[in-house]
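Protein chains: 2
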Amino acid sequence: MDGKELKEITSRDIDFAQWYTDICKKAELIDYSSVKGCMIIRPYGYAIWENIQKELDKRFKETGHQNVYMPMFIPESLLQKEKDHVEGFAPEVAWVTHGGSEELSERLCVRPTSETLFCEHYANIVKSYRDLPKLYNQWCSVVRWEKTTRPFLRSREFLWQEGHTVHATSEEAKEETLKMLNIYADFCEEVLAIPVIKGEKTEKERFAGAEATYTIEALMYNGVALQSGTSHYFGDGFARAFNMKFMDRDNQEKYVYQTSWGVSTRIIGALIMTHSDDHGLVLPPNIAPTKVTIIPIGKNNTEVLDRSYDIAKILKLEGITCSIDDSEKSPGFRFAEAEMRGIPVRIEIGPRDLENNKCILVRRDTLEKLEVSLDNIVEEVIKLLLEIQNSMYLRAKIRRDDMTKSVLTLAEMKALSEKENGFIKAYWCGDRACEDQIKEETGITSRCIPFNGDNQDGKCLVCGKDAKHLVYWGKQY
Amino acid sequence: MDGKELKEITSRDIDFAQWYTDICKKAELIDYSSVKGCMIIRPYGYAIWENIQKELDKRFKETGHQNVYMPMFIPESLLQKEKDHVEGFAPEVAWVTHGGSEELSERLCVRPTSETLFCEHYANIVKSYRDLPKLYNQWCSVVRWEKTTRPFLRSREFLWQEGHTVHATSEEAKEETLKMLNIYADFCEEVLAIPVIKGEKTEKERFAGAEATYTIEALMYNGVALQSGTSHYFGDGFARAFNMKFMDRDNQEKYVYQTSWGVSTRIIGALIMTHSDDHGLVLPPNIAPTKVTIIPIGKNNTEVLDRSYDIAKILKLEGITCSIDDSEKSPGFRFAEAEMRGIPVRIEIGPRDLENNKCILVRRDTLEKLEVSLDNIVEEVIKLLLEIQNSMYLRAKIRRDDMTKSVLTLAEMKALSEKENGFIKAYWCGDRACEDQIKEETGITSRCIPFNGDNQDGKCLVCGKDAKHLVYWGKQY
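Protein chains in written order, with this note's numbering: chain A, 1 to 477; chain B, 478 to 954.
In short, the hints are calculated from the structure, not lab data. Note that CB positions come from ideal geometry on N, CA and C, so glycine has one too. Keep in mind that the hints are not guaranteed to be accurate.
[Unchecked claim] DSS-like cross-link-like pairs, simulated, lysine-lysine; straight-line CA separation at most 30 Å:
1. B/Lys793 with A/Lys54
2. B/Lys558 with A/Lys54
3. B/Lys604 with A/Lys36
4. A/Lys58 with B/Lys681
5. B/Lys558 with A/Lys26
6. A/Lys36 with B/Lys513
7. B/Lys656 with A/Lys54
8. A/Lys254 with B/Lys503
[Stated by the list, open to error] Pulled a few chain A residues facing chain B out of the computed Cβ check, cut under 7 Å:
9. Ile40
10. Ile41
11. Pro43
12. Tyr46
13. Gly64
14. Gln66
15. Pro71
16. Met72
17. Phe73
18. Trp95
19. Thr149
20. Cys429
21. Ala433
Chain A with its partners taken away, still in its complex shape (with noise of 0.2 Å):
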């Protein structure tokens, strides 16, 4: 066994779908069962779900949110209270229609979202300016009723976290939704290396039930686009349909006004798409299970045994998550292995390194290695890490900008996307008539308004009206 058998991976520049259902298989991150278009995750995926949570928990609570856990089900008739959240949702979702042998007297859906059971809960508690804000989230399973699916992308159960916040104003709950895209955005880019724009969706692109919809939009490396994260503003909508209201410091009754924001596993499939390659998954230090594997080689030999475990240890107090792969499988095996599992570092060390008193680090990145000294191995392996978190971060965002183009017309539009995909660039009026007839044209939507987007002397690349906004366009997940 050389590891031969587990590479056999689809190329990603030949079949780049095939090639994702084969890292998420031989990776170990999902498995399939007789649940169809619902996934399996596995520990290894897991436990990159895990540490998601975890960092994201700790930003969410440094900024004042408390974890709550509402019912898995919705009555119809809750669900049916705000009515594009319902035309939104209702065709999507599973029905609960009996318990044990006995029917229901009304029909209760598994939950697609918690917008309706959070704004029952707050009408109930929330009765005063003293009460407000309330940021809460929970972390917890949703269904949606997909048709075709794939494992992360897309499938009928998914993990996500839901924050859900009532705010005594309409500026404060606005900050608050911008709030926490910034803190999506900035846990994509820090800890998963993946470079994201920033922006609003289009009124046809928004949240059902939703005033405003903002985005993080992360490009792949095929070139199509995927929503990372999204963070939502209500104004009152909610309010005025569920009758959540207080009473304010000037001792008038006024409605609240309500944000919601989710980030899900989907986020494992763009973790996937952005780094990994041909010989398997790459994952950023920062999110990587683990962070270090040793290869001791050599059968038998205790002296390099016993170097390897002192190198674990002494990393371990560094705070590094580090392993040791001493199975009996030959050297070109197991390094295949930490190469498919995308550990950012690995350690060979072997008697004659050993007698050198050095070994080799290879780093999954760009599998390149480097020959370092035994002596300050620890100082070399907590610089590589920061090199490849740092690295695989500029080399996203170089690919993503190389790919990000801009044009004038639907027509340029059509003939760059039939040649190529990425993030397209392009000035729009507004009206959803031209947005719609881009799509028909060319298959393509409109990703985010950037917030940095300049709009000043552009003309609409339909109607050749003066733009409101420059838009990111592109095929999406």
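With chain A's structure known, arrange chain B on it following the hints.
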């Protein structure tokens, strides 16, 4: 406002059930919604659950377990694969029959427990002895369609962890079953300060499909028993039903041996009913989301406020979670709130205290007041938290032991159980008929056969034949 209103909860000696519900509501652990039989776990309740999760998860990982996530749905045909199991659970599951507007070709139940899914997965991924053991756990919510529900104790949806492991030998699986029971018992006693009896369930009380069920049994303040965690040994029963085979070292194909074990949000019910009192919740320091609260007295006294924040800062540096309640409510109201929430230590500090370089510590468990010098505040708080943790456990254990009586005959058991609740120790021949008769005549069920129980010279309390076991009996939640 002096906190009287807040304190208006039913006395536990007058109406224990109402007292319990009052605590759940007034300490803001839960709320109700329009989803019948399900509860909302509010921030304070969820913070307790997060601490429980953190403590247990650490212990699981230290013993080599990995977390995974299985689908929340189970196809009807999969649930039916193991006969005893489906008989145990089918009557109380929720059925999904429609996805969007389409009727499903096969009904899916919302998982009441996930043995079947884990079995299917293990059958897929375990091929050789090299793949064993697999030590998986998942944190999730499960659904059982209960007729009558109570917060934490019995609700249609609840949160839990379910561990599922497979092993090459029955010895190893049995060892795992007991190892996890011991982890549960240690957690209950060391962290929750709840004394438990470890033992085995009788055949009648076994988990559906198990060869042996082990349990930890706690006794509530009112003398009713609460099963607080269970660990099941399945032998190869599920393995045969699901064809879970592996190639052993000796080149023989063999069935795996299996375990499962779980603790749920029910344990929060045990926590409440073991320690709390007529002033509200009482939390052991080792699980309390906030260990200390500081209540500055004297309006707008900056010196008192500054000193309070200094104390909070220094306690946090010592890793002691600490809040300050400097709201405009009266001191009495703030004291009552801190008591309702069961915060282990309250620090009262006013201008006169400052002058004398002292403050008052109030321990929540006994409501005793302690005057301490501000110079030793940290040492005194640390000492007091330890003292509270220990004495809460001891007090619960002494009460439990006081409420544990022995009887020799069914007549004695009947008389005793009509007089008071509690554990009843009695010898039993092992026959189901005698066990059934006890239930019929007294309403009492077997709680467990304790690990350290002798059965040397005993006679069955019903039939008078030689006893097989000493058994703990009792009324149960």
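Results of checking the hints against the structure:
1. A C-alpha spacing of about 20 Å is found between B/Lys793 and A/Lys54, which places the hinted pair at or below 30 Å, so the restraint holds.
2. For the given pair, B/Lys558 sits about 37 Å from A/Lys54 by alpha-carbon distance, which is inconsistent with the 30 Å threshold.
3. Restraint check for B/Lys604 and A/Lys36: satisfied, since their Cα atoms lie roughly 24 Å apart, inside the 30 Å limit.
4. Straight-line distance between C-alpha atoms of A/Lys58 and B/Lys681 comes to about 46 Å, which puts the hinted pair past the 30 Å bound.
5. Proposed proximity of B/Lys558 and A/Lys26 is supported: the alpha carbons are some 29 Å apart, at most 30 Å.
6. Distance check on the hinted pair: A/Lys36 and B/Lys513 sit about 29 Å apart at the alpha-carbon level, within 30 Å; holds.
7. Simply put, B/Lys656 and A/Lys54 have alpha-carbon atoms about 28 Å apart, close enough for the 30 Å limit, and the pair holds.
8. Of the supplied pair hints, the one linking A/Lys254 and B/Lys503 holds, its CA atoms being roughly 26 Å apart against a limit of 30 Å.
9. Interface hint at A/Ile40: satisfied, since its Cβ lies 6 Å from the closest Cβ of chain B, which is below the 7 Å cut-off.
10. Here the hint on A/Ile41 is kept, as its CB sits about 4 Å from the closest CB of chain B, short of 7 Å.
11. Interface hint status for A/Pro43: upheld, as the beta-carbon distance to the closest one in chain B is roughly 4 Å, under 7 Å.
12. Checking A/Tyr46 against chain B: minimum C-beta separation of about 5 Å stays under 7 Å; hint holds.
13. Here the hint on A/Gly64 is broken, as its CB sits about 11 Å from the closest CB of chain B, past 7 Å.
14. For the restraint placing A/Gln66 at the interface with chain B, the shortest Cβ-Cβ distance is roughly 4 Å, inside the 7 Å limit, so the hint holds.
15. For A/Pro71, the suggested interface contact is upheld, since its CB lies about 4 Å from the closest CB of chain B, less than 7 Å.
16. At a threshold of 7 Å, the smallest CB-CB gap from A/Met72 to chain B is about 6 Å, leaving the interface hint in force.
17. Given the 7 Å rule on beta carbons, the hint for A/Phe73 holds: about 5 Å separates it from the nearest Cβ of chain B.
18. Because the beta carbon of A/Trp95 sits about 4 Å from the nearest beta carbon in chain B, less than 7 Å, this interface hint is met.
19. Hint status for A/Thr149: violated, given a least beta-carbon distance of 12 Å to chain B, over 7 Å.
20. Given hint, A/Cys429 at the interface with chain B, is violated; its Cβ is 35 Å from that chain's nearest Cβ, farther than 7 Å.
21. Nearest Cβ of chain B to the Cβ of A/Ala433: about 29 Å, over the 7 Å cut. The hint is violated.
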